[in-house]
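Peer 1: Sequence:
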Amino acid sequence: MGFVVENNNSTKVKGIITIEDILEEIVGEIYDEHDNDEQIYELSLETSEVNSDLFVYDVFKQLDIEVSLLNQTEEELTLEQYLLLKTGDKKLYKKTSYTLDNKYQFKVISLAKDKKSHSIIEINKL
1 MGFVVENNNS TKVKGIITIE DILEEIVGEI YDEHDNDEQI YELSLETSEV
51 NSDLFVYDVF KQLDIEVSLL NQTEEELTLE QYLLLKTGDK KLYKKTSYTL
101 DNKYQFKVIS LAKDKKSHSI IEINKL
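Under full-length UniProt numbering, the residues of the sequence shown are numbered 1 to 126, in order.
You can trust all of the hints, since none of them are fake.
Lysine-lysine pairs mimicking DSS-like chemistry, simulated, CA-CA at most 30 angstroms apart: (1) K94 with K125; (2) K125 with K86; (3) K125 with K95; (4) K61 with K90; (5) K113 with K61; (6) K91 with K125.
Rather than coming from a laboratory, the hints here were simulated on the basis of the structure.
Since the structure is predicted, the reported quantities are computational estimates derived from the model, not experimental observations.
My request is simple: use the sequences and hints to build the entire structure.
Peer 2: Here is the structure:
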């Protein structure tokens, strides 16, 4: 465990870092019995990773994206259905980016392998 300080001369602790934090930066998220199965992961102030099976309205609301960009029928779609509707594609493709209203970028990080899993979409505020 280590303490994060502002600079070398500071004694004010800004945070704590653990071995798990360092490993997760190298290999990605490590899940154990104490972790919640969260649907939205905030990577930074402008970037989040979202499960594609969440309702687009809920995602927009939680990430402070303008809900006014959605019409009433779009509010009832999952994020994956919404992206397919907006792009006109029949399926999502890994590593493909889609831009909405020149303000938000949606990038497909991983695709569902079966019915039990879901695709992961990275959302960036431009």
